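Following the hints, complete the assembly by docking chain B onto the known chain A.
2 protein chains.
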Amino acid sequence: MTNIKDIALHCGVAISTVSRVLNDHPDVSEETREKVLRAVDELNYIPNTSARNLVRTSSDTIALLVKGVNNPFFAKLIKVIEREITRRGYTLELHHMDTSEDELRVGAQLTNERKLIGILFLGGRFNYSPEEMALIKVPSVFCTYTNSFGTLDAGAYSSVAIDDKQAARTAVETLVTMGHRKIAILTDNDSDKSISELRFQGYKDALASHGIPFDPNLVACTGTFSDMSAIYEATSRLIERDNSFTAIFAIADLMAIAAIKALSDHGMRVPENCSVVAIDGLELSEYTLPTLTTLVQPAEEMGLVCAKTIIELIEHPGKNKQFTFQTVLRPGGSVRSLNG
Amino acid sequence: MTNIKDIALHCGVAISTVSRVLNDHPDVSEETREKVLRAVDELNYIPNTSARNLVRTSSDTIALLVKGVNNPFFAKLIKVIEREITRRGYTLELHHMDTSEDELRVGAQLTNERKLIGILFLGGRFNYSPEEMALIKVPSVFCTYTNSFGTLDAGAYSSVAIDDKQAARTAVETLVTMGHRKIAILTDNDSDKSISELRFQGYKDALASHGIPFDPNLVACTGTFSDMSAIYEATSRLIERDNSFTAIFAIADLMAIAAIKALSDHGMRVPENCSVVAIDGLELSEYTLPTLTTLVQPAEEMGLVCAKTIIELIEHPGKNKQFTFQTVLRPGGSVRSLNG
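In order, the protein sequences belong to chains A and B.
Going by the numbering used here, the final residue of the first sequence carries number 340, and the count climbs one at a time with no gaps.
Going by the numbering used here, the final residue of the second sequence carries number 340, and the count climbs one at a time with no gaps.
One chain only, chain A, in its complex shape:
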């Protein structure tokens, strides 16, 4: 296999010059740089960075444990996280879990089996206890969730998330401001001690603060974030039970898309007969008919902070941090004002 000496010989330059080009040092002329890079290409040279890796302790592997999937928002986060982890010289090991599996148990087992140096939990419960958290012996970051229902001290964990309750309140208030009072909610679950329950609470809070009575008849639980046929069915049952609502708050974009189809199949047009607001802000939702009014989570920034935080914790242990991101309303064609 070609080595750095072959490149130097081929170009008629010193080995140290080739090394400077490959390591992106500034003190090389543009001409030499181009010559070396062309030779690297022509000779199919593959830099050997094993030596560099050996300097590191045991392993450079960070695990990404993805709980519940098929979610385009997660797909975006995964891509951003992988890029940054790799760019910083670490390796990302990927694991998917069912929503029924316990992420802490899985994380503890993986750490035990392998030489993991950190864990990114993508999706998880909001109610860890200190005893449960003690299972995780390496630095970790909760990505897209916090400990709202749990008993951890603030110094005991790191997290990167939006304020789910606040986002839900904003979504519902967007509808209230437009004159809607019969507002249904489409949620995964109303009592899962997790993201769905928090957004459900935000929905109830918003209703209460505007003097709108909560009506359990207008709650549709889908049991899933991403299985569109189940979401379609849950929406259909809601419509068949009580179609007096003028708006739906869906806690995720994919839910809203399936709901709009169910409404359409039941003769209710969006936004003429029913307004729809969601949370996520997928690119896709700007291209559906109608486009979706949705609260955008800053996926790019959130993914980057997830990666930076785990690396910071690995390189400088001990300083846990919680990051809360703001969502931004992206107006679409799925809402209509009832005001005069």
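Watch out, some of these pointers could steer you wrong.
Identical copies carry no separate label here, and so any pair may be met within one copy or between two of them.
When the alpha-carbon atoms are kept at most 27 angstroms apart in a straight line, the in silico DSSO-like pairs for lysine-lysine are as follows [unchecked claim]:
#1 193 / 182
#2 76 / 204
#3 79 / 308
#4 5 / 137
#5 165 / 193
#6 5 / 115
#7 115 / 137
#8 79 / 115
#9 115 / 165
#10 321 / 204
#11 5 / 319
Just so you know, the hints here were simulated from the structure itself, not pulled from any lab data.
Since the model is a prediction, treat every value here as computed from it, not as a measurement.
Just chain B now, kept in the frame of chain A:
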């Protein structure tokens, strides 16, 4: 930390009994099994499988190199592949690449740096030469592509893909059968020696075999599979240049969704003024308005075969195989017949 002995003591059974339960042996009473599993749960026992892993040679890591992303079809494949790889006791390391990077170069470098035992290329060029392929020193599988434009012997690579040209022909013929003759195509690229060019060829073949002249004016190149705003723009330019077509063949579902939005914004309703057929068969496309007529790629089966094939090649080196999957037309609401 709890060990297997603690579990045995807690349950008042032999260590070997606990082991049998944990390894799913059949010769344990249901009562004992439940007792042991409850104790495993209560005592937070984490099975230590390091010993088992140590039996293996150097590493158990298979890399998944994803080229071009943000594609829900890939997301599904990745999930299925990760499940099977993990279930079989191997580790999946994830890497994303830009479409501008060369997957063979990246794969060779990774193999060099780490102790990879196999590589799954998810997306890639269809035109490898034997010299390029020689860079890859470990078993590998081309996932979603073949070597149609390349010079590899059939025995020199393994692949899992659909017949892209045939799928495109079927899509276009679906439209021709319905009386359409002015059929536009929305493709990433018409000469990339890759999936886009193959599907473009299938489009041209189908036109030719029905005596329909090829019209370069009806070709819209998006330069991307997944950037919906670029796809929207490319479709808009097509419409503004020549809106005499009665149908569009989009080579991917996401492209079709963005195209339908562009058509709508230009006053062309689907399917009333324009029919749309695509390839992918995402679940999402069953919930758009209108639903998409699309050729379904069997993602679940394809992902499983990708994983099984790389493991087979690792455990029993030497027998390369090419798998070709059939797509199935899923009728949706995006097409209209022009026939009497």
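Checked hints:
In the homo-oligomer, the alpha carbons of residue 193 and residue 182 lie at most 27 angstroms apart inside one protomer (26 angstroms), although the nearest pairing across protomers, at 55 angstroms, exceeds that limit. For a Cα distance limit of 27 angstroms, the shortest separation of residue 76 from residue 204 qualifies neither inside one copy, at 30 angstroms, nor across copies, at 34 angstroms. Taking CA atoms no more than 27 angstroms apart as the test, residue 79 paired with residue 308 passes in both settings, with 14 angstroms inside one copy and 25 angstroms between copies. In this assembly of identical chains, the alpha carbons of residue 5 and residue 137 lie at most 27 angstroms apart only when taken from different copies (22 angstroms versus 44 angstroms within one copy).
Proximity of residue 165 to residue 193 under the C-alpha cut-off of 27 angstroms is restricted to the intra-copy arrangement: shortest distance 12 angstroms within a copy versus 49 angstroms between copies. Proximity of residue 5 and residue 115 under a CA criterion of 27 angstroms is satisfied inter-copy only: 24 angstroms between copies versus 35 angstroms inside one chain copy. Taking the shortest Cα distances, residue 115 and residue 137 sit within 27 angstroms of each other both inside one copy (11 angstroms) and across copies (25 angstroms). With identical chains, the CA atoms of residue 79 and residue 115 are at most 27 angstroms apart both within one copy (23 angstroms) and between copies (23 angstroms).
In this assembly of identical chains, the alpha carbons of residue 115 and residue 165 never lie at most 27 angstroms apart, being 37 angstroms within a copy and 45 angstroms across copies at closest. For the homomeric pair residue 321 and residue 204, neither the shortest alpha-carbon distance inside one copy (29 angstroms) nor that between copies (57 angstroms) is at most 27 angstroms. For a Cα distance limit of 27 angstroms, the shortest separation of residue 5 from residue 319 qualifies neither inside one copy, at 44 angstroms, nor across copies, at 36 angstroms.
Going through the hint list in order, the structure does not satisfy hints 2, 9, 10 and 11.
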